[in-house]
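Colleague: For reference, the chains in residue letters:
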Amino acid sequence: MTMSPSKTFAAMRSARPGLAVSLSLLALTVVILMAIFGPLVLGSGNGLNPLMRLKPPSALAWFGTDNLGRDVFVRTISGARNSVMVGLSTAVVVLLIGGTLGVLAGYFKWVDRIVMRFADGLMAIPGILLAIALVSVLGGGLITIIIAISVPEIPRTARLMRSVVLSIRELPFITAAVSVGSSTPKILLRHVVPNAIGMLSVQATYVCAAAILSEAALSFLGVGTPPDVPSWGNVIASGKEYFRLAPWIIAFPGVILSIMVLSINIIGDRLRDRFDPRLAARKAS
Amino acid sequence: MSNFVVRRLLSVIPIALIVLVTVFLLLHIGPGDPAALIAGENATPAQIDQIRERLFLDRPLLEQLFLYLSHVVQLDLGQSVYSGLPVLSLIAQRIEPTAVLAVSTLILSVLIAVPMGVWAAWRAGSTIDTALIVASVLGFSVPVFVIGYVLVDIFALRAGWLPVQGYKPLSSGLWNCLRSIILPSVTLSFLFSALVARITRATMIEVLAEDYIRTARAKGAGNRRILVVHALKNIGVPVVTVVGTSFAALLGGVVITESVFNIPGMGRLTVDAILTRDYPVVQGVLIVFSFVLITVNLLVDLSYALFDPRVRQ
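Sequence lines, in order, name chains A and B. Per the working numbering, the very first residue in the first sequence carries number 1; after that it's consecutive. Per the working numbering, the very first residue in the second sequence carries number 1001; after that it's consecutive.
Just to be clear, a hint being listed does not mean it is correct.
[As the list claims (entries may be wrong)] What follows is a set of in silico ranges between Cβ atoms, one per label pair, in the way DEER data are often shown:
#1 B:Leu1306 x A:Val30: 48 to 58 angstroms
#2 A:Asn49 x B:Phe1066: 52 to 62 angstroms
#3 B:Arg1224 x A:Val180: 35 to 45 angstroms
#4 B:Ala1135 x A:Ile97: 33 to 43 angstroms
#5 B:Thr1295 x A:Ile97: 22 to 32 angstroms
#6 A:Leu54 x B:Tyr1082: 29 to 39 angstroms
#7 A:Ala59 x B:Thr1295: 54 to 64 angstroms
#8 A:Gly139 x B:Glu1053: 23 to 33 angstroms
#9 A:Gly139 x B:Gly1166: 28 to 38 angstroms
FYI, nobody ran anything at the bench for these hints, they're computed from the structure. All of these numbers come straight from a predicted model, not from anything done at the bench. Every residue gets a Cβ at the ideal spot worked out from N, C-alpha and C, and that includes glycine.
Can you make the complete structure from the sequences, with help from the hints?
Modeller: Written out as structure tokens, the structure reads:
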């Protein structure tokens, strides 16, 4: 997304340099460690315990229990694994496909015409609705969710990469490479792509954050990951009917999900300040 | 000017066509027979055949596409497999809550976000500015449903000021309707005003650094005059643009918000249709939402001519 403004968090950083970013990195590390080792230590949290239904947080169950007596803390920890996996996989899929299409569209005019037309069309369908429809047609499961969330994100990334490449191809070193007779694939791989990597990494963070939110939204609506595969979205969804009686089922995973997305966005903004060519130009002038 | 308008109007055609083809193909990209997919797991072969015939699924793919497009052009979005009612009338029954929610969110967000963005830019680097930046990053990091439940807990369950869930139609009186829509639209405004405020602030900072602002100051214009006469005029285009580009996020948010607040709108219709595998309804809703989005973006582009005299030439 290109709508992030210049100098986001600049004010905050000038007050306390790097604090927001350091805290975000710390939060991300904790969540990723949780995602890797949590389920090994605590299990999946799918064990039912009818005697422990809808119990508030206590020393036995830190985040309370849900309507089936499952421990919300354990489910939140094991949900981290699926949510993080969906976020990272979507970022990889979107960057590979969207990034490639964007680079080609930015460099070859005829590709541009075709790709951007399709991008316009796909972007005219609200992303979350397209994802819902795709899940319903392709069937549940993690892979399907990743595909369904990726499809609406691909045109956005392609569009961004196209604009980055359009500005790179006008630079003198590309003209120089062309004039010494470098082949087009070589120019693309050696000169264009490396210079676009910065913005691509910024986009990766935003796609990852958006994917984690989309997965949660899909699961919340009941069309996401299957109920026996805990993710933050479906742990929250399981508390939907009981939120007057047991608000903790929604509150704890909701807070952790928000902190995770917030951290990724803050890191993305920081990367953006570093890599956005428009910002660099403004600083130089 | 008329040239610009005509060109922009014509550009809608290929986009609409791609949307329709994508929505049509949705049914065919899944594994297996689309008729069996719609009929569900417990259907008999006869029922599957019946659906195949009714939805023209026994014809060649291109013919199906042509039939589908010609029906859509005549405003026939097919019939619900589940209830047998025309999809368009199902959508018409559900459109009011969705439209009320979307419009009230839009108004609320612009009323909050534009002044906040301008204020933050005017006082760039101050505590107000920092607070706005933090609030806006929070606004699009916290999921809509989490914000929704927090607000319900505070204002409906604890304070008892507003209804917990549900929707009162406009026909039950404007006040009743507004009361039922306050919490949902405030919830959704968090996301939307975060986007609008960020862009307003960034644009305003750029505008305030322009030469003509310095000239105005040099002429001795007061702060108010600089803001209202010179600066605000020039943030129209970017602000309207961000309203347009983030309208898709707004529509997505509407679907989720309706689920949180149990509002019987188009979002609920979509989710219910998916759970009952009522694909003609799913396709119909996708088409209607997409056409709303295309129209909004068309209006946004046409409004440039209003804000920016250079476009008119």
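Colleague: Run every hint past the structure and note whether it holds.
Modeller: Consistency of the hints with the structure:
1. Judged by the Cβ atoms, the range 48 to 58 angstroms given for leucine 1306 (chain B) and valine 30 (chain A) holds: they are separated by roughly 50 angstroms.
2. The hint said 52 to 62 angstroms for the Cβ distance between asparagine 49 (chain A) and phenylalanine 1066 (chain B), and at roughly 57 angstroms that hint holds.
3. Taken as a hint, the range 35 to 45 angstroms is violated for the pair arginine 1224 (chain B) and valine 180 (chain A), whose Cβ atoms sit roughly 59 angstroms apart.
4. Distance hint for alanine 1135 (chain B) and isoleucine 97 (chain A): a CB-CB separation of about 34 angstroms, consistent with the stated range 33 to 43 angstroms.
5. In this structure the hint that threonine 1295 (chain B) and isoleucine 97 (chain A) lie 22 to 32 angstroms apart at CB holds, the actual value being about 29 angstroms.
6. A hinted range of 29 to 39 angstroms for the beta carbons of leucine 54 (chain A) and tyrosine 1082 (chain B) is consistent with their spacing of about 33 angstroms.
7. At roughly 56 angstroms, the beta carbons of alanine 59 (chain A) and threonine 1295 (chain B) sit within the given window of 54 to 64 angstroms.
8. Distance hint for glycine 139 (chain A) and glutamate 1053 (chain B): a CB-CB separation of about 25 angstroms, consistent with the stated range 23 to 33 angstroms.
9. A C-beta distance of roughly 33 angstroms is found between glycine 139 (chain A) and glycine 1166 (chain B), which places it inside the suggested range of 28 to 38 angstroms.
Checked against the numbered hints above, the structure violates only hint 3.
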